Structure formats: structure tokens, C-alpha cells
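J.: These are the residues of each chain, in order.
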Amino acid sequence: MTLLDLANPTRFLTLTSRLLPWLAGLTFVLLLIGLYQSAMAPDDYQQGATVKIMFIHVPNAWLSMFVWGVMSLAALGTLVWRHPLADVAAKAAAPIGACFTFLALATGSLWGRPMWGTYWEWDARLTSVLILFLMYLGLIALWRAVEDPSRAARAAAVLTLVGAINLPIIKFSVDWWNTLHQPASVLRLGGPTLDRAFLIPLLIMALAFSLLFLTLHLAAMRNEILRRRVRALQLKQASQLP
Amino acid sequence: MTALSLGPYAPFIVSSYLLVTVVVAILIAWITIDYRRQKQRLRELDAAGVVRRSGRSATEFK
Amino acid sequence: MRLSGRGIRCMRGGRDVFSGLDFETCAGEALAVVGTNGSGKTSLLRMIAGLLAPAAGSIALEGGDVELTLPEQAHYVAHRDALKPALSVIENLLFWQKFLGGDASDAKGCLATVGLDHAIHLPAAYLSAGQRRRLSIARLLTVRRPIWLLDEPTNALDRAGQSMFAALMIDHLARGGLIVAATHMPLGIITRELPIGSAS
Amino acid sequence: MRLSGRGIRCMRGGRDVFSGLDFETCAGEALAVVGTNGSGKTSLLRMIAGLLAPAAGSIALEGGDVELTLPEQAHYVAHRDALKPALSVIENLLFWQKFLGGDASDAKGCLATVGLDHAIHLPAAYLSAGQRRRLSIARLLTVRRPIWLLDEPTNALDRAGQSMFAALMIDHLARGGLIVAATHMPLGIITRELPIGSAS
Amino acid sequence: MTALAALVRRDVKIALRVGGGALIGVLFFLTVVVLMPFALGPDLALLTRLGPAILWLGALLASLLTLDRLFMADHEDGSLDLIVMGRVPLELACAAKALAHWLAAGLPLVIATPALGLLLNLDATSTSAIGLTLLVGTPALTFTGMIGAALAVTLHRGGLLLAVLVLPLSIPVLIFGVAASEAAIGGFSFGAPFTILCALSLISFVIGPFAAAASLRHGLD
Amino acid sequence: MTALAALVRRDVKIALRVGGGALIGVLFFLTVVVLMPFALGPDLALLTRLGPAILWLGALLASLLTLDRLFMADHEDGSLDLIVMGRVPLELACAAKALAHWLAAGLPLVIATPALGLLLNLDATSTSAIGLTLLVGTPALTFTGMIGAALAVTLHRGGLLLAVLVLPLSIPVLIFGVAASEAAIGGFSFGAPFTILCALSLISFVIGPFAAAASLRHGLD
Ligand code: HEM
Ligand SMILES: Nc1ncnc2c1ncn2[C@@H]1O[C@H](COP(=O)(O)OP(=O)(O)OP(=O)(O)O)[C@@H](O)[C@H]1O
Ligand SMILES: Nc1ncnc2c1ncn2[C@@H]1O[C@H](COP(=O)(O)OP(=O)(O)OP(=O)(O)O)[C@@H](O)[C@H]1O
Ligand SMILES: [Mg+2]
Ligand SMILES: [Mg+2]
Chain A
1 MTLLDLANPT RFLTLTSRLL PWLAGLTFVL LLIGLYQSAM APDDYQQGAT VKIMFIHVPN
61 AWLSMFVWGV MSLAALGTLV WRHPLADVAA KAAAPIGACF TFLALATGSL WGRPMWGTYW
121 EWDARLTSVL ILFLMYLGLI ALWRAVEDPS RAARAAAVLT LVGAINLPII KFSVDWWNTL
181 HQPASVLRLG GPTLDRAFLI PLLIMALAFS LLFLTLHLAA MRNEILRRRV RALQLKQASQ
241 LP
Chain B
1001 MTALSLGPYA PFIVSSYLLV TVVVAILIAW ITIDYRRQKQ RLRELDAAGV VRRSGRSATE
1061 FK
Chain C
2001 MRLSGRGIRC MRGGRDVFSG LDFETCAGEA LAVVGTNGSG KTSLLRMIAG LLAPAAGSIA
2061 LEGGDVELTL PEQAHYVAHR DALKPALSVI ENLLFWQKFL GGDASDAKGC LATVGLDHAI
2121 HLPAAYLSAG QRRRLSIARL LTVRRPIWLL DEPTNALDRA GQSMFAALMI DHLARGGLIV
2181 AATHMPLGII TRELPIGSAS
Chain D
3001 MRLSGRGIRC MRGGRDVFSG LDFETCAGEA LAVVGTNGSG KTSLLRMIAG LLAPAAGSIA
3061 LEGGDVELTL PEQAHYVAHR DALKPALSVI ENLLFWQKFL GGDASDAKGC LATVGLDHAI
3121 HLPAAYLSAG QRRRLSIARL LTVRRPIWLL DEPTNALDRA GQSMFAALMI DHLARGGLIV
3181 AATHMPLGII TRELPIGSAS
Chain E
4001 MTALAALVRR DVKIALRVGG GALIGVLFFL TVVVLMPFAL GPDLALLTRL GPAILWLGAL
4061 LASLLTLDRL FMADHEDGSL DLIVMGRVPL ELACAAKALA HWLAAGLPLV IATPALGLLL
4121 NLDATSTSAI GLTLLVGTPA LTFTGMIGAA LAVTLHRGGL LLAVLVLPLS IPVLIFGVAA
4181 SEAAIGGFSF GAPFTILCAL SLISFVIGPF AAAASLRHGL D
Chain F
5001 MTALAALVRR DVKIALRVGG GALIGVLFFL TVVVLMPFAL GPDLALLTRL GPAILWLGAL
5061 LASLLTLDRL FMADHEDGSL DLIVMGRVPL ELACAAKALA HWLAAGLPLV IATPALGLLL
5121 NLDATSTSAI GLTLLVGTPA LTFTGMIGAA LAVTLHRGGL LLAVLVLPLS IPVLIFGVAA
5181 SEAAIGGFSF GAPFTILCAL SLISFVIGPF AAAASLRHGL D
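If you read the sequences in order, they're chains A, B, C, D, E and F.
Residue 148 in my numbering is what sits at position 148 of the first sequence, and the numbering runs on without skipping anything.
Numbers given in my numbering equal positions in the second sequence, counted from 1, plus 1000.
Numbers given in my numbering equal positions in the third sequence, counted from 1, plus 2000.
Numbers given in my numbering equal positions in the fourth sequence, counted from 1, plus 3000.
Numbers given in my numbering equal positions in the fifth sequence, counted from 1, plus 4000.
Numbers given in my numbering equal positions in the sixth sequence, counted from 1, plus 5000.
Rather than coming from a laboratory, the hints here were simulated on the basis of the structure.
Bear in mind that the values here come from a model prediction, so they are computed numbers and not experimental data.
Virtual Cβ for every residue (Gly too), placed ideally from N, Cα, C.
Treat the hints with caution; some may be incorrect.
Stated by the list, open to error - Pairwise CB distance ranges, derived in the manner of DEER restraints:
#, chain 1, residue 1, chain 2, residue 2, range
1, E, Ala4192, F, Ser5189, 45 to 51 Å
2, A, Arg18, F, Ser5189, 57 to 63 Å
3, F, Ile5111, A, His83, 31 to 37 Å
4, F, Leu5092, D, Val3066, 20 to 26 Å
5, A, Ala184, F, Ser5189, 21 to 27 Å
6, E, His4218, C, Asp2171, 35 to 41 Å
7, B, Ala1025, E, Ala4192, 37 to 43 Å
8, B, Ile1028, A, Trp81, 28 to 34 Å
9, F, Gly5191, D, Asp3065, 50 to 56 Å
10, D, Gly3176, A, Trp81, 37 to 43 Å
11, F, Gly5186, A, Tyr45, 56 to 62 Å
12, D, Ile3120, F, Leu5092, 45 to 51 Å
13, D, Ala3112, E, Ile4171, 49 to 55 Å
Please model the entire structure based on the sequences and the hints provided.
T.: Here it is as C-alpha cells:
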């Protein structure tokens, strides 16, 4: 099966239906391992037990950006190649990305209270993530506000690509401005500086959440394809009426 | 396994894990319910005798 | 019912368009206002509709409903068709029916009369020029006013639409209605001509 | 110069309007697109103008200026007349002439041709429906494109206006121009008919 | 009655469909509140102090952004002609349009106030006080603004001119709205400014529709 | 070239005629600045401190209030069809329209800054610093906002939805504009935020027209 075959929505549906149970199972197992590992991780000498929040905060934070990246690729697919599945991928990803972003914000706040003494601070990292969240909401609103999916897809694609400028700002905000938030310790030039005792559970959790995203995204894409089929058939039904 | 000792900030840790669980659960639930709903609609359209342009029935995957 | 105007003078944008215009028309009769472009046909219709004040002269209705003013007994089909693109065909029609107070039951019937019944739930944004015009005509039918003010009503209608509309006008006249229409085309019914602005 | 379309399929708002349409027309010829309301005449014109993408099929121009695309060699007279009410007649015309790049000197001459020379400095907001249409025709003359796409161009024109416009079209064809017009009315010139959507 | 209800329903429906649904209003206020710290600086104490002002400015902004189309849209597509010719008194029709505008642009703010209060670090009493003043005061913004919207139609003008016409009219509402909210937060007498705010609203309910209808009736052509 | 100049001239002319002339822009900012003390309370020290923020919020407001009609007006009367069919590249035409918008809605603010600075009790250096940041930054507001304006046309949407889509994009401009002004007032390093502001403007000059043209080209029908 080549990539070109996947372009066919029907082919895509068959493939996902076969793949989804396996993906879901794998995600579940990895999540369990990751949770166990993070429960067993030692306390940090500075942060105490609150370091456990890291194991869910960081994967969610990474995914919040990664999902926008996926949507940007899909946007290119929509605008440049006019690929039918690209619209579907972009639309299906937005609510999931919004959830991850919300979780990154919420767990960050819950971590910030004990660490910085405040839930919220208007610093560059935090606000740029909040902007990301607002842009996710804006995109979802746009998708919901426009009935014609292909029209909405092109508009959303333009907006997604423009919003992608926010990603490097989020990533490097800690380096460009001195912020409360700590600088990168895993995804940085010159390798991770995090202790192995934290690094391994973190990486497992990150992998588990990525798989979770993949699973949910494929399932949501399947729903979206079905929704379009329903819409097309309903339109057809309406025009068949005498 | 010894009981986890989460120190003075236990409420923050527990609530963040809980929050993640709840949100992910809502996401999963929404996606499954959505799937059921779309399949249901397709079945109704099939029953109403509307066929796709390719001539296949509405619920057919292949 | 008798609609008449005496010595009407029309000024627009500070310039005289026509003056000293007299006209008179009765129930069951269609008056076709004819004249070159810019001679003031639309302006005259808007004066009858109460949307524009004559610079001199007066317009009066005799024998109508005494509790209502002239504009309240008329319906005006203009170039701009008062449709909201975001609403569906039936939503547009039902709104005007409720707001202007027409016969509540037969909105769908009127849509069928003008041949739009297959497009009932389509957003008005999707309508073609002629379909919009047909929807305006459906509104004219639903609100049921005795006086019809029509500004080039057959514009954009196809031939079938034009004869359909001619039949509707004949029906309206037969029931004692009154029509004032501005037009460059024959309307397909017997009309009395009111030429204005002979030397534009 | 030869304009042709092969197997054109038109979808609007997710619904099929027409499909498998072929047409062909040459310089010096006028093609009249005819059909019932909603059959897709306007949609076809917009496809030729490059404003709407066909769902299938293609439209090609042979023998035109090779450095320019088809839309760049055409001018489209639509229902909406692209006039700004806040600008005067001549300001509107001169803007389009400069923007679309027409022959600079004769804007006033074109206004005279369409009978608007007395209204040169009037704001476009003051124009009547027919006067607006005449101004659109003046623009069509000033920008001098070989391909004219006309959507019910004689709407709102009085009889003198219609024959004036027919003469202009004949002149354009004689100079090797090409006309595609959607219309319900006879245009007053010899045309080849392209019926679409026979069973709407 | 059904005529006016139909008008309100239509306008709300259009506002929701064109504006993108009921949630967009709330999202808009969220954005405005998020925006403020960028402009004013991230000092949370200052933000809390300015809380009522920020929410009131958001309300003013939302009504300004949407008011200019209140009558203009109906004028451009010819609906206004038919509304004027109708049997419903023009004053009532204008009031119905303003009510619909408030439902789409003012009410979401009142509903979102609790959430926005959290972001601005306001406590429960302050939040509810601000919510109350907004509930009473935002209709006044709409009903005074509609005069400007009607003038815009008859003058064939728009853009910033409208804002210049409308803003001075809304200053009293803004003053007493903010004053009442701050009184509630600071523990001063809430009653006095609040009463004045209510009075302003009531006055605007009368003057707005009459002024708008008068200018429409004499200005159409 | 003459084609683009004609487009700019036409749009400015219309904006001035419809918006009520060149002075209205200045008057609008005057109103906003006069309004702020009512919302924020008449504490002059606070007002001075918030001076840059107030002026920047005014700029944002002015561009939001007028941006939504940037392409919509041309779409509704059919001009956009002819512009798209024209021989001028659509990106350049979009840029010309944005330039005209800035001339009518942004430039008046820059010109009025000295007078407004007096009202807010700012000294000469602060005023000129703010004026400079506004001169550099307001074009960025227009050029990012035009993306939203183009989307509004292709989506047939408007109102608050547009503001919700546009505001997040303009937050960075606001941040660095205010930061640079405050740095100049407080005597910190003005260069760094000002350079970023310039960079943002330059980026928006590229991205804005391309994004707007792309969305218009794919979205008209
Ligand atoms: C609402 C508040 C917060 C937000 C929006 C947020 C956002 C983010 C984002 C977007 C990342 C990924 C950055 C990258 O990949 O370079 C991240 C990573 C991280 N955050 Fe947060 N954060 C918040 C609060 C906190 C707090 C309070 C702490 C701990 C004191 C924290 C600790 C970390 C750590 C350790 C990383 C991993 C950095 C790395 O190793 O690369 N965050 N956060
Ligand atoms: N913007 C649009 N979105 C979706 N559907 C549309 C749109 N415009 C038109 N349609 C639909 O496409 C079909 C063809 O429309 P079109 O305007 O091309 O018709 P037409 O032949 O020009 O009709 P008329 O004689 O009334 O002008 C119609 O059925 C109409 O409902
Ligand atoms: N809003 C206006 N303001 C000022 N003058 C106007 C306005 N509308 C029209 N006019 C002028 O009034 C005159 C009559 O216009 P009107 O629209 O009544 O003409 P008409 O007979 O309907 O023409 P047509 O056949 O072109 O529709 C015209 O010369 C026109 O220039
Ligand atoms: Mg007329
Ligand atoms: Mg048509």
C-alpha cells in the first residue's frame, strides 16, 4: 500500500479500522508503564514530589506544539496539493490539540503555585502558550462557524500557517527573554541535561501521549470522513425531493 | 509497594493527574459517541434508500 | 380604491428630476411607469411607498382601509431584495410574513407557486439572481397587500418566470388589487402607461 | 482567437449544477448562454473569468496574448457593478481604467457614448439603476479587453440604451472581439445559443 | 408582538450565524482580557485594580465593533425600506433591533464575567458586583449607540466617524458603571452610582429608539 | 505602478469621504484618550504610566473598527472580482489596500501623538519615543489584520469572529510596541524591543499580503 492509496478516503477508513484496536492497546500499555515509572521516580532535591507533575506537564506541552505542527503540514497539503485527506486531518486535530494545550496550561499552573507561589504570571512562555490556546479555540470556532467544509478548510489552512510562527516563539521564549519558566533541558542542542531517573519516565510518558494523540487523531479523522459522507448524502437526499 | 509520599503539595499533584485523566476521558468519550452518531445517521440514510455516487450503500466502508 | 397623485415634483440630490406629474389609477388596473433611464420611475415608486417625500404635490389613496396609511397597504418589490444571505429561503420568507403580518399558513404554498419549493432550506446566499427575484415575488404573495409597487419586477426572470409572474399579476388585479410598476419591458399584461420625464 | 471548454462540471455549495458541458466560440462571434433560472449561466461566466474553479473539465483560450492568462484578457460585467457610491462617475471610471490598464485618453468619450456625459461629476450614489448599468458599459469600453463576459447586460437599460449597447457589441465583434453573454432577453445581435441545464 | 419577536429572533440568528455562534462573544471577551496585560504590563495587583475598567472597556469595544452594521446592513439590502413601510411602529422596531444586538453582543459578556474575573484575580463579591453593573449598563451602551448607527445610515457615513459620534454618548454609562463596580470592590456605597446607572439605562431605552426612528424616518431616500 | 497608486488613492479617498475626512481619525484618538481617565480613574500618575498602553490600545481599536470592511466592501459591490481578474499580482494589490488603510487609520494617530502626549502628561522624549514606535508598529497591526479581513470575505463571516481571529496575531506587536515605549520612558534599553518591533513589521509586510492573497484566491466563488 503506497501513500497514494491512502489518499483514497475509503482505503483510509479500512486501514484505520484495522489499525485502531492495536494502537489503542499499545497506548494503554505504555501509559501504564509510564505512570508506574513516574510513581517510582525519586523526589527532586529542589522541587520535592512536585516534580511528578513534570511527567504529565511536559508531554502535554510538547504535544500542544507538535499538534499545531501536524496541522501546519496538513495546511500545506490543503493549499498546495489540495489533498482531500489533509482537510480532514487538520480539522480532526484541532480539538485534540486544544485539549493538550489546555492541560499544559492547567498542569503548569498547578505546578506554578507551589514552585513560584502563583498560578499565573504574564511571562513570555506562559502567554505564548495561552495565545496558542486562543488560536486553537479560534480555529475550532472557524470550523464550526462555516458549514461548507472545503471553504472552511482553505481559510483554516491559511490561519494555521500564519499561527505556526508562534511555535518558535513558544520554544525559544525562555532563551530570548528571562522568564520564570525554566529553559529546555531535554530538547536542546548538546543533549539532555536532565537526570536519567527523571528522563526515562518522562520519555516513556511522552511516547505514550504521542501514541494517544495518534490513536485519537486517527479515530477523529474517521469520524470526520463519515460526517462528510453523511453531509453529502443529506444534500443529495434534499435535492432528490420533488 | 510502599504508599507514595507526595509531601506537602499532594493536592496539586493529585489534582493535576486527575485533571489530565478527566480531560482525556472526555476526549475519548466524545470521539466514540461521535463515531456512533455518524454510523447511526449513515444507517438511517441507507434505510431511506440514498446511495453514494459510486452506487455503493451509505454504510459500506469499501 | 383609487390611488392618485397631483402636481408631484421630485428633487433628488438637489436637482429637479420631474415636476407637475399627475396620475390616477383604480383597483383592478395596472399602471406602467415608463421613461428613459434616470427619468424618475424608481423615485416615483418610492414616493408612493412613503420612502421619499415629494418636493411638491401630494399622493392620496381613496377607498382603502381607513385605519392604515398608504405605505402600510402597499408592498414594494425593489432592486435590492431584502434577503439575508445567512438565513435559509424559508426563514427569510417566514420572517417577513411575521413582521409584515401576512396569512400565516401558506408560505410554502407561495414558494411552490414561484418554483422554489425544492430550495426551501437552502441559504439565500446560494440563490441565483432569478431565484432571488422569485423569492421576492413569493414574499409579495405571502404578505397580501392590495397595492403592489414593482420596480422592474421581471429583471433576471427567465421566460417561464415572466409568464408565471404575469399570471400572478392578472390574478391580483382580478381580486381588486392595484399595481404600479416601473418597467422597460412589456410585463405581459394589459397596462395603462404613465410616461414621465419625456425630455430627460 | 478561440475560447473552448471541455467536459465542464459545476458544483456549487456541494450540489451539482451541470456537468459534461462543452462549448466553443471564435473571435467575431457572440455566444449566448441560455437556460432557466438557476441553471448555472452566471456560474459558467465566473468559471471563464477564473473566479470559480470547475469541479472537472477545463477552459482554454487559443490564439490570445500568450503572456496573459484568460481572465487577464477578459472583462466581466456582472450584476454587482463594482462602483463606489462615494466617488463620482468619472472618478470611478478613471480608477478602473488605471487599475485595469485601459487606453488613458478616452474615458470621457466612453461616457459620452453611453449617454452619461451630463453626469460626469455626480457621485455614483446618485445614479439610477440604468445609469449604473451604463457606467459599467462605459468601463467595458475603456478597458478594451478582447473577451467580454456579460451577465444579463441589458437589465435596467431603457430601449435606447439597449440598441446603443447592441451597436457597441456589433462593433466589438467586427474588430475581432469575442462575447459570452448570459441572458434571458434577445440581445439585439446575432448570437449562437449555448443552452445549459436543459432539465433543471 | 409576534412581529417584534420575529425581528429580534431574526437579528439574533443572523448575528450568531455570521459572527460564528454564541461562544464567539465569550471568546472575544477572553481575548480582550488576555490582551490587556500586554498593554498595561503584567502587574497582577494593578490588573486587579483595573479589573472593572478592563471589563467595561471590553463591553464598549464589543458594542462599537458590531454597532455600525446595526441599521447599515438592513439599509444596504433594502430590508430597512420594508421595515419602515410595515405596520409596526418604527420606534418599536428600532428597540427590537437594539435588543437583539444586546443579546448577541452584550449578554455574552455578562455570562462570561465569572470566568474573566478569575483571570483578573477578582474575588467573588467583586465579580458579582461587576456582573450586575454590566447587566444593567451594557443595554445602555447599545441603546445610546443605536442613535449613531441610525445617523450612519442616513448620512451614508461609517468607520471612525460613527465611533466619534457614539463614544461621547457612552461616557456617562462608562463612568457610573466603573464607579459602581469599584464602590462594590472597595466597600464604599454601591447604591448611589448603581442607581444612576439604572436611571441612565432607563433613559436610554426611551431616547434611543425615538431618536433612531426619527433620524431614519427623515433621512431615508 | 500607476495601477497600484490608483488603488491606494481610491481607497484613501473613499476612507476620507465615508469616514468623514482626515480630522476624524485624529478626533477618534482624542476621544479614546479622553475616555480612558473615565474608565481608569483620574489618577494622573497612573495615566502617565499607562500612557503608551492607552495610545497603543487606541491604535488597535482604530484598526479593528475599520479592518473588517477592508475587503468586504469590495467583495459586496463586485470590485474584488475585477481586482482578482486584473493584471496586477493579487499580493501587490492586497498590500496596496493595506497601505491605504494604514494611511487613513494609522497615520492620523502618529500625527496626533504630540497633542495626545500633552493630554497624558508625557514629556517630549517619551512622546517622540511613543510616536516612533507607533509609526513603526501600526503598519504591522494593519498587515496582520488584513489576513483576518481576507478570511472574513471568503468565509462570509464578520463581527466578533473576525476580532477573535485577528487579536491573537496582533498581541506580539502590542507587547513590543508598549515595551519599547516604556523602555524609552523608563530609560531602559530601547533598542532591543524596538528592533523586534521593526522585525515584526517587516515580517508582517511579507506574510500579510501573501496570506491574504492566498485566502482570496482559494476562497472566492
Ligand atoms: C501555565 C504554566 C506553564 C506553561 C504554559 C508551560 C509551558 C511549557 C512548554 C510549552 C514546555 C515545552 C517547552 C520546550 O519543549 O522547550 C514546557 C516545558 C517544561 N516546563 Fe512548563 N509551563 C508552565 C509551567 C511550568 C512550571 C510551573 C514548571 C516548574 C517549575 C514547569 C516546568 C517545565 C519543565 C521542567 C519543562 C521541560 C523543559 C525541557 O526539559 O525541555 N513549567 N512548559
Ligand atoms: N454562492 C453560491 N453558493 C452555492 N450555490 C450557489 C451559489 N450561487 C449560486 N448557487 C447555485 O448554483 C446554481 C446556479 O446558479 P447561477 O447563479 O449560476 O444560475 P444562473 O443560471 O445564473 O441563474 P439566473 O438566471 O437566475 O441568474 C443555482 O441553483 C444556485 O442555487
Ligand atoms: N439617492 C439619490 N440621491 C440623489 N439623486 C438620485 C438618487 N437616486 C437617483 N437620483 C437621481 O434621480 C434621478 C431619477 O432616478 P431614478 O432612480 O428615479 O430613475 P429611474 O427612472 O428609476 O431610472 P432607471 O430606469 O435607470 O431605473 C436620476 O437622474 C438620478 O441621478
Ligand atoms: Mg429605477
Ligand atoms: Mg445569473
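J.: If a hint holds in the structure, say so; if it doesn't, say that too.
T.: Checked hints:
At roughly 48 Å, the beta carbons of Ala4192 of chain E and Ser5189 of chain F sit within the given window of 45 to 51 Å. At roughly 60 Å, the beta carbons of Arg18 of chain A and Ser5189 of chain F sit within the given window of 57 to 63 Å. In this structure the hint that Ile5111 of chain F and His83 of chain A lie 31 to 37 Å apart at CB is violated, the actual value being about 49 Å. A hinted range of 20 to 26 Å for the beta carbons of Leu5092 of chain F and Val3066 of chain D is consistent with their spacing of about 22 Å.
In this structure the supplied range 21 to 27 Å holds for Ala184 of chain A paired with Ser5189 of chain F, their Cβ-Cβ distance being about 25 Å. At about 37 Å, the beta-carbon gap between His4218 of chain E and Asp2171 of chain C stays in the expected band of 35 to 41 Å. Taking the beta carbon of each, Ala1025 of chain B and Ala4192 of chain E are about 50 Å apart, not inside 37 to 43 Å as hinted. The supplied range of 28 to 34 Å is met by Ile1028 of chain B and Trp81 of chain A, whose beta-carbon atoms lie about 31 Å from each other.
Checked against the hint of 50 to 56 Å, the pair Gly5191 of chain F and Asp3065 of chain D passes, with Cβ atoms roughly 52 Å apart. Between Gly3176 of chain D and Trp81 of chain A the beta carbon distance is about 40 Å. The supplied range of 37 to 43 Å therefore holds. Between Gly5186 of chain F and Tyr45 of chain A, the C-beta spacing of about 38 Å breaks the proposed range 56 to 62 Å. As the Cβ distance of Ile3120 of chain D to Leu5092 of chain F is approximately 30 Å, the hint placing it in 45 to 51 Å is violated.
Roughly 53 Å separates the CB atoms of Ala3112 of chain D and Ile4171 of chain E, a value that falls within the hinted 49 to 55 Å.
Violated hints for the displayed structure, listed by number in ascending order: 3, 7, 11, 12.
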